[in-house]
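We have chain L; now place chain C onto it with these hints.
The residues making up each chain are set out below.
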Amino acid sequence: MWRDAALVAGKDLRIEARSRVALSQVAPFGILALVMFAFALGPDRSLMAKGAPGLFWVAVLFCTVLAVQRSVSVESVDGARDGLRLSGLDPAGLFLGKAAAIAAQLLVLEAVLCVGVVLLYGARVEVPWLLAVSCLLGTIGLAATGTLYGALSAGLRVKETLLPFLFLPIAAPVLLAGTRVWQSALAGGIPADGSQWLRLLAVFDAVYLALGVVVFGPIQESA
Amino acid sequence: MSPNQSVHPPPAQSARVRTAVRVIGITAAVATACTVWLGLWVTPPDVTQGNLVRLVYIHPGVAWVALYLAFGLAAVASLLYLWPRTRGLFWDRLAAAAVEVGVVFNVCTLISGSIWGKPTWGVWWAWDARLTSTAVLLVLFLGYLALRRVPAEPEVRAKRCAFVALFAAVDIPIVHFSVLWWKTLHQGATVLNPDLSPTIHGSMAWTLLLGFVALTLVFVWMLLVRYRIGVLEDWLGTGELDVALRERQAEGAPLDEDQAA
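Protein chains in written order, with our numbering: chain L, 96 to 318; chain C, 572 to 832.
All clues given are correct.
Below, computed lysine to any residue pairings styled on SDA-like, alpha-carbon distance capped at 25 Å:
#1 L:LYS145 x C:TRP698
#2 L:LYS145 x C:TRP696
#3 C:LYS689 x C:TRP635
#4 L:LYS145 x C:ALA700
#5 L:LYS106 x L:VAL203
#6 L:LYS145 x C:TRP752
Over 12 Å on every C-beta distance to chain C, these chain L residues come out as not near it, computed from the model:
#7 ASP99
#8 ARG115
#9 PHE134
#10 VAL169
#11 SER171
#12 ALA187
If you are wondering where the hints come from, they were derived from the structure by calculation, not from laboratory data.
Glycine residues also receive a C-beta, built at the ideal position from the N, C-alpha and C atoms.
Bound-form chain L, shown alone:
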């Protein structure tokens, strides 16, 4: 399973390294979203710094939708999906590999957005490790759920419109928890509920990773 996962993740990341779609389209879109939020909030910097945690996570969620759609579309032509299914790779490995590739891209993207938040919104990072841990946990959850919904919508003609509708409400806990942890990490000092939110993220990750490992095979058959 782990070997298969590494193979699939390597394949997706190699495609990204050669096509640079995430780097040249998704990451600029994330920055664009940050700029748009700034326009929406007005030029008041203190307001932006206050809203920075939530705006960061909303931007990440939007970018996740794009990354998932990209991850699905690289396999939509030339019967690549059927090829993968016939290749004898473990479905659980396939799931973990696709999710890992999305997560790796998202982590890079989050680093870019984090710099954007600090520069554009004037947010002050007080507890960097808390930011890093929440990003890591949140990203794993988003990648796992995104991969599941991506596979589910892979065969649909309306996947572009249906995927965000199905995926975003499921990811609501990540947005809530990620925002709360970021609020405490930016303001400085860990409030009493900081670790509670990290635990929630960890539970979300564990649940959807386990679910994905179990059901990814049957999902592929139905797509």
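For chain C alone, coordinates are given in the frame of chain L:
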């Protein structure tokens, strides 16, 4: 009369089931009428909330149906569909019917809650834990219905929808806890509190209980009717295909005769 009735008749519904649906429907209507009568005329107004308290006979009952009964049933039915030993379109149609009726009840929950919230909290909508998780649940339900509208083979559609219901069902407790920690304003559970002893008394408690029974019956009746519509929809779908196939075959038939001659 649709043309495919000549191809094959609609799947029959036994007389016993038809009678049961009718009895449940009539009982639900009577129970609802009794609840309205008791709630609006017999029970006294509340000391602090006045006539507003009468919403208590509707709002928790509707919420119980929407949040627990409908979604719980949809989750269980979807799981039973995915379980290979119990796989059958019965569970898929049941889940779909539960979700669709659940959406109606969910919207009613939000509307009746808003009507109650405006005079008591001073706002139509508050970002309270229960309101927020109910709204998220509604969006998840709507996503399920949107996926259901995507044309596909019944088995493929059933499987997809069952997975979406399963993912949503797993998400609900997480959403619930996250918004609970996020913020809360709603009063604690009145009837389903931990020791299951209702904190209201007398005619109000009985009316409240009757309201729960009435709304549950309304839900069951709507569920059964919607299930039957689902069966007929599938029949119509396959019937149309049969008609189309026959038409194509009929177009081809004279050609064969010419060739034979």
